[in-house]
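Visitor: Each chain is listed here by its residues.
Protein chains: 2
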Amino acid sequence: MMSLMSASAIASPNIAFIKYWGNRDDQLRLPSNGSISMNLDGLFTQTTVTFNPDLEKDTLILNDQVADQQATSRVSHFLDLVRKLADVNLKAHVYSKNNFPIGAGIASSASAFAALSLAATAALGLELSEAELSRLARRGSGSACRSVPGGYVEWLAGQSDADSYAVSIASPDHWALVDCIAIVQVEHKPIGSSQGHLLANTSPLQHARVEDSPRRIRLCREAILRRDFEAFANITELDSTLMHAVMMTSDPPLFYWSPVTLEIMTTVTRWRREKALPVCYTVDAGPNVHVICEESSSEIIREKLLQIPGVLHVLSAKPAGPARLCQT
Amino acid sequence: MMSLMSASAIASPNIAFIKYWGNRDDQLRLPSNGSISMNLDGLFTQTTVTFNPDLEKDTLILNDQVADQQATSRVSHFLDLVRKLADVNLKAHVYSKNNFPIGAGIASSASAFAALSLAATAALGLELSEAELSRLARRGSGSACRSVPGGYVEWLAGQSDADSYAVSIASPDHWALVDCIAIVQVEHKPIGSSQGHLLANTSPLQHARVEDSPRRIRLCREAILRRDFEAFANITELDSTLMHAVMMTSDPPLFYWSPVTLEIMTTVTRWRREKALPVCYTVDAGPNVHVICEESSSEIIREKLLQIPGVLHVLSAKPAGPARLCQT
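One line per chain: the protein sequences are A and B, in this order. The numbering of the first sequence is my numbering, which starts it at 1 and goes up by one. The numbering of the second sequence is my numbering, which starts it at 1 and goes up by one.
Mixed in with the good hints there might be a few duds.
[What the hints assert, rightly or not] If the Cβ cut is set under 10 Å, some of the chain B residues that face chain A in the computed set are: (1) R24; (2) A67; (3) D68; (4) Q69; (5) A208; (6) N234; (7) E237; (8) H244; (9) A245; (10) T249; (11) D251; (12) P259; (13) M265.
[Claimed, not checked] Just a sample of chain A residues kept apart from chain B, beta carbon distances all over 12 Å, derived: (14) T72; (15) D212; (16) M265.
These are calculated hints, taken from the structure and not from any lab test. We put the CB at the ideal spot given by N, CA and C, even for glycine.
Extracted from the complex, chain A is given alone in its bound form:
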């Protein structure tokens, strides 16, 4: 019986080209706007969930350490959703590990909740469709819904819990892009994304950013489908800056860019404009810069990035597949 109530899954983090920032419903994590991302290959969270009648409470081991109360509580609340779906009342032991370091500029909550969704539902014998799994993952962390399908992914904002989930718009091998993540700083970010989302509507610019988002979604989706790097670069950089414009004008203001972040951004744009290199930037809620390029240029971009003062190292990732079950 025990073996049937345990399952393991792995999922990759993702980098958004059209960003998620702000919710129309914070409780359900219904986003203010749709988003588009790429899963990142070679980076993953592996999570094993074991439901056990002998447990009195949920436990979480995160990266080989007993997790703190806040993280455990977030996972436990998420497991309540899974227990409700399966109509069981068993506590679980969750073992979760990332193969990328904390503070590497990659949010782990997306891959973590995508892997947790798949492992927990499988452990209880639930067989969810990809859309159902994506909806579920969204409840743990908004962007986790995008780590459920594979390759290039669009999160359909939707109107309700039922229709807010992510779908694949192109497979990993559709377009050989590489995310060269320029790590500039290994510090905790000043404010976490979950808190940051709550501030989005305090910016006088958020409404305009959201209102314009269907246009950006369309331009980005079409650029990916046509493999049009120039169009992709322009809309990706614009969307990144729009998100940071909202962040920097919220109350209190959130400045995630460091001076080195800005230096990399303007340098990357110059490489594209002046040297015709297929490269552009996007920046998440932290100072590291995701430098997106075509695979044919990824080695030269990596070397050039390492020459910029303040760049500590560069992690590279190609498009990854969907969340999947695996052996423990």
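Since the structure of chain A is provided, determine the placement of chain B on it from the hints.
Guide: Frame of chain A, contents of chain B only:
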């Protein structure tokens, strides 16, 4: 006769706390939103205009050099407005000199067209009211209308040429603020303000920025009138970032911030938040940072700014009076 047709005037540049960016009418320089500024004492343009029946065309000597065709043409077109007002058809010799260096991070067009407006009208015997003079200066360079009245100034956006002009909202001695201008770079800016204004409406954020501007104008005016530094600082920094948000998301994007600009901005905010220093920043269409503080703290702020790597030097200016006639 000759002596009656010559006049000299001086005017100070100004620093905007609520920024002017984008026009509702580019030809008439009717701004998309109202703005608030402070004239900068100790810095000025001095301009002498001499109308002369013997001249075949307008000539311009700018900072002791014969000006290029572009600058001469801009001045000549402006003088056409003055000639029309006075109903004369005489060409003029214009001698104009700034006491602050080009590339010092201070736009000279505001003080230049304010001084030119006053000198040219006086030379032709016109006696314009302050509002009429401000309207006229606006036609040469939008922000020049704010260098006509003294002290703390509000540019009433207006609906037409007739009601778009600046008025003083507080005298120079109302509040002892100091603008400590941190000069980080002596380079020409990538794109001039006149061209930049034309791009404002290509940003998805400009409409929201403009729509929210009456609120910011009110908050800034009230903070100045009450001498409430904390309220003044918050709205001034927000407004600066809103303008740069529009610039950075226009098509093509305009990035005026350099890495050092960003470093100074975040450092200044930290001084206020963590050390309770009465200091805030505002940034115009260039990389230099206008660090605004109360006079009692200006010496310590100046010294602290000079310790930031990348700050070349610091210029300081108190509130200045209006444009005025002077001896040649």
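Visitor: Decide, hint by hint, whether the structure agrees.
Guide: Status of each hint after checking the structure:
no., hint, verdict
1, R24, "18 Å, violated"
2, A67, "31 Å, violated"
3, D68, "27 Å, violated"
4, Q69, "29 Å, violated"
5, A208, "4 Å, holds"
6, N234, "8 Å, holds"
7, E237, "7 Å, holds"
8, H244, "8 Å, holds"
9, A245, "3 Å, holds"
10, T249, "5 Å, holds"
11, D251, "8 Å, holds"
12, P259, "3 Å, holds"
13, M265, "8 Å, holds"
14, T72, "32 Å, holds"
15, D212, "4 Å, violated"
16, M265, "8 Å, violated"
The structure is inconsistent with the numbered hints 1, 2, 3, 4, 15 and 16, although it conforms to all the rest.
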